[in-house]
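Chain by chain, the residues:
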Amino acid sequence: MSENKPKRLESAKAVSAALRQYYEDIWAGHPLAWSVVSSNPLNDICRMLGIRVAYPENYACVCAAQHFSEKYCTIAEANNYKPELCSYIRNNFGYLLAQDNDHPLGGIPKPDLLMVVSNACLNYLKWFDALRLFFDKPYVVLNTPHRMFDYEVPDYYIRYVAREIEECIGQLEKISGNKVTDQKLKETAHLSREQGKYWRELLDLNKAVPAPMNLSDLANLIFVPSSLSGTQHGVDLLKLATAEIKERIKKREGAIQDERHRLVMFNIPPWYRLGFVNYFAQRGCVFPFGDYNRYLWYTQDFEDTDPIEYFAKKGLSFGLDGGCGSTIAETLYGCIGDRLARDIKEFKIDGAVVAINKSCKIMSTGALDVANLIHERFHLPVVLIDVDQADERTYAEGQVQQRLEAFFEMLENK
Amino acid sequence: MTAMEHINQIARDMRAYLSEASSKSEKKFIGVMHPIVPQEVLFAACLHPVRLFPFPGEQTNMAHAHLHVYTSSIFRAIWDQVLKGQFSFLDGVVLPESCETVTYFSRGWRYHRKNDFVATMAGVRFNKTKNALIFFRDDLENLKKELEEFTGREIFEEALTYAIDVYNRNRELLGNICNLMKQERPPLTGVDLFNIFMVSHVMDKEENNRLLEKLLSELLDLPAGERPKARLLVSGPCLVDGRIYETIQAAGATAVCADTNMGLRSLAGQSESDNDPLLALARSYANLPCPFSISAEHRLSYLLDLVQEYAVDGVIFAIERACEAEIMDFPYLERELRKKGVPVGFVETEYMCDMAPVQTRIEGFIESVMK
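Chains as they are written, first to last, in the numbering used here: chain A, 7 to 420; chain B, -2 to 368.
Any given hint might turn out to be false.
Claimed, not checked - With a straight-line cut-off of 20 Å between C-alpha atoms, the simulated SDA-like cross-links for lysine to any residue are:
{"id": "1", "chain 1": "B", "residue 1": "K336", "chain 2": "A", "residue 2": "F155"}
{"id": "2", "chain 1": "B", "residue 1": "K111", "chain 2": "A", "residue 2": "F155"}
{"id": "3", "chain 1": "A", "residue 1": "K143", "chain 2": "B", "residue 2": "A293"}
{"id": "4", "chain 1": "A", "residue 1": "K143", "chain 2": "B", "residue 2": "V66"}
{"id": "5", "chain 1": "B", "residue 1": "K111", "chain 2": "A", "residue 2": "E382"}
{"id": "6", "chain 1": "B", "residue 1": "K111", "chain 2": "A", "residue 2": "K88"}
{"id": "7", "chain 1": "B", "residue 1": "K125", "chain 2": "A", "residue 2": "A84"}
{"id": "8", "chain 1": "A", "residue 1": "K88", "chain 2": "B", "residue 2": "G239"}
{"id": "9", "chain 1": "B", "residue 1": "K127", "chain 2": "A", "residue 2": "G176"}
{"id": "10", "chain 1": "B", "residue 1": "K125", "chain 2": "A", "residue 2": "R165"}
{"id": "11", "chain 1": "B", "residue 1": "K111", "chain 2": "A", "residue 2": "E172"}
{"id": "12", "chain 1": "A", "residue 1": "K88", "chain 2": "B", "residue 2": "K125"}
{"id": "13", "chain 1": "A", "residue 1": "K88", "chain 2": "B", "residue 2": "R332"}
{"id": "14", "chain 1": "B", "residue 1": "K127", "chain 2": "A", "residue 2": "R165"}
Stated by the list, open to error - Ranges of calculated distance between the beta carbons of each label pair, as one might list FRET restraints:
{"id": "15", "chain 1": "A", "residue 1": "N85", "chain 2": "B", "residue 2": "D218", "range": "48 to 54 Å"}
{"id": "16", "chain 1": "A", "residue 1": "G35", "chain 2": "B", "residue 2": "H295", "range": "30 to 36 Å"}
{"id": "17", "chain 1": "A", "residue 1": "E352", "chain 2": "B", "residue 2": "K336", "range": "56 to 62 Å"}
{"id": "18", "chain 1": "A", "residue 1": "A402", "chain 2": "B", "residue 2": "R335", "range": "44 to 50 Å"}
{"id": "19", "chain 1": "B", "residue 1": "K142", "chain 2": "A", "residue 2": "N284", "range": "51 to 57 Å"}
{"id": "20", "chain 1": "A", "residue 1": "Q405", "chain 2": "B", "residue 2": "D302", "range": "45 to 51 Å"}
In case anyone wonders, no lab produced these hints; they're calculated from the structure. Note that beta-carbon positions come from the ideal geometry of N, C-alpha and C, so glycine has one too.
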């Protein structure tokens, strides 16, 4: 087994600094909204109004990565939040109900308002409804219906979400005491669109052999589209990363030293085992892409001349884009056609790791079909593993390793 | 045969009933998941809508190739039985944005069964603004078009208005039967009530209306039933397992009302007349008291009303373990109901789950609330 440790991107330092700064800034003033990280136009709009935004979902990842999830999930369960609930939600309520002040990054401040969009997880609305009842604070809801069909999003979807965004803006203006100007709205929509362009370019650059980025780099960079969307700072960070990646490609410098296998990862990584990627790297395996970063965020470009319509499309996250790229709920069956075939070919993928994640039914429903498809149609080795995104107690190290060892053997014998 | 005997006979073997009914009917049968789908639109399209639920007593195995074990066991069992050809009497399905598994697997259904007619429908969650109702109405218009393409016939406004009347009558009759359960000595058991609702979900609505009218007239002649040791409200999602109600009954209590997707929540679509029948449907269905559609706070006030109306001694939450929307509301509902002095019990259910632990919990709860 070689050392083959992934080489960290220089631009990752800037992203990490931005993340630390972000957590410092949310303590710096009011009003503070708690929100969800999915393709959420309300986050972009809040920044125009001087409303700071914190993400309990992101924070749950931080808690898991710093091994606080056992403590928080246990506290939540003792307070009747059942183990079947998503571990992000249990982490969040465990954090809120914990009696001590020992929290990762010093915790996140209590919200002045709760803000949610329904485009991704169906339980976002329920989670934030529970938070509203917990804090007794204003609740701003943007309903963005899931597209469950295979045709383009009809106009009445866009009209509906655009009008709802206008209603939400009215509520947010009232809470903040500030006004959204047309100019600012246009600028923010444009910056959001620009970020999308850089994000897609960045992901496409990883088609290079050797792959300049690994899954851990992508997991780190995803902080930008998820938390800094619609900001110049976000655009600058992605520009910086893109330039560095181009340089790596020019020098034929890979994310790992001895790249022998290129894998695709399906589902959210177990945040408490980020060394998971290193374990693969030691076997010469790199992940040029995963469905979580490629098929969820900024999957397609659309016009920003009418910013409200742009944000509505962003909230609906959006059309088919060659068989993919709509709301998270549609990801797996959305990509299962030509899009996945193209990506497997262009990224030169020779194996897949498919995780079944108890906490995320969206990312897991369809996973078995994806695994079968990759195996039967593309004749590639596939390994299925059971992991929970943020409940460390459920991780069966021995079982996962056994499965992976068998998978590595398949890869070598392919 | 009395109406109740007829209902119980159908309820004993729903699959046999549906197979026979479809072979005799000229209508196509369409499976409908969840009460949020306005079946009136299907009825107006000369289709026979049937609420989708798994037939009891089957092992789920084939579905596990497509749906992992953390998805809804109810939907997995339905899918399993679809794969095994046990829903061969169906000509298609309508799957709404509702439970996670249904929403996320709707495209999976199409992926595996390309020749099935699969219509979908979006939901209007939480914010029932005027704009939201217009969207819901537009989405019903979209559903109507899909049904028109499928059947090859136009759905006229008169047909929709007629369908609304038929369904409103059905809800009225079921509502009248539920009202009888408010009596100190209810004339029906909780098991009877469950069967009445389940049969109403599969039977042609006009035929069902005639049967319910007969049932109501027979119930008026019946002597009062026994006074139950405890009057319970059962709350949960797609609670399709009659053994829960049998267990309650066997312990001497009665489930006098069911805040479930198969129970009272199905009565929420009573539509007011409107020049635009689709808007009338949108308005009434948007307020379905299901956790996907409304906040926990609204559910609490709905439950407290039921507790009072039905003079309930306690509430049992019987929640399918994969139904996160219900599980998410539970801590708040339990806490607030207890604050109001309403005893609360909890049982975790799954399709064909082992009843021994469920029975122990239910019996323990009944003993604690018995008068």
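Hint check results:
Note on B:K336 and A:F155: the hinted pairing is violated, with a Cα-Cα distance of about 44 Å set against a maximum of 20 Å. Restraint check: the Cα-Cα separation between B:K111 and A:F155 comes to about 13 Å, which is no more than 20 Å; the hinted pair holds. With a CA separation close to 15 Å, the supplied pair A:K143 and B:A293 stays within the 20 Å bound. For the hint linking A:K143 to B:V66, the alpha-carbon distance of about 36 Å lies beyond 20 Å, and the restraint is violated.
Taking the CA atoms of B:K111 and A:E382, the gap is about 19 Å. The hint holds against a cut of 20 Å. For the hint pairing B:K111 with A:K88, the CA-to-CA distance comes to about 37 Å; that exceeds 20 Å, so the pair is violated. A C-alpha spacing of about 34 Å is found between B:K125 and A:A84, which places the hinted pair above 20 Å, so the restraint is violated. Of the pairs offered as hints, the one joining A:K88 and B:G239 is violated, with about 24 Å between alpha carbons and a cut-off of 20 Å exceeded.
With a C-alpha separation of about 16 Å, the suggested pairing of B:K127 with A:G176 holds against the 20 Å cut-off. For a cut-off of 20 Å, the pair hint linking B:K125 to A:R165 stands: about 16 Å separates their Cα positions. Between B:K111 and A:E172 the CA atoms are separated by roughly 39 Å; this puts the pair beyond 20 Å, and the hint is violated. For the given pair, A:K88 sits about 29 Å from B:K125 by alpha-carbon distance, which is inconsistent with the 20 Å threshold.
Between A:K88 and B:R332 the CA atoms are separated by roughly 14 Å; this keeps the pair inside 20 Å, and the hint holds. In summary, the hint linking B:K127 to A:R165 is supported, as the alpha carbons are separated by about 13 Å, within the 20 Å threshold. At about 51 Å, the CB distance of A:N85 to B:D218 agrees with the hint of 48 to 54 Å. Distance hint check: the CB atoms of A:G35 and B:H295 are about 33 Å apart, consistent with the given range 30 to 36 Å.
Distance hint check: the CB atoms of A:E352 and B:K336 are about 59 Å apart, consistent with the given range 56 to 62 Å. The hinted range of 44 to 50 Å is not satisfied by A:A402 and B:R335, whose Cβ atoms lie roughly 37 Å apart. Taking 51 to 57 Å as the suggested C-beta distance range, the pair B:K142 and A:N284 conforms, at roughly 53 Å. Look at A:Q405 against B:D302: about 49 Å separates their beta carbons, and that is inside 45 to 51 Å.
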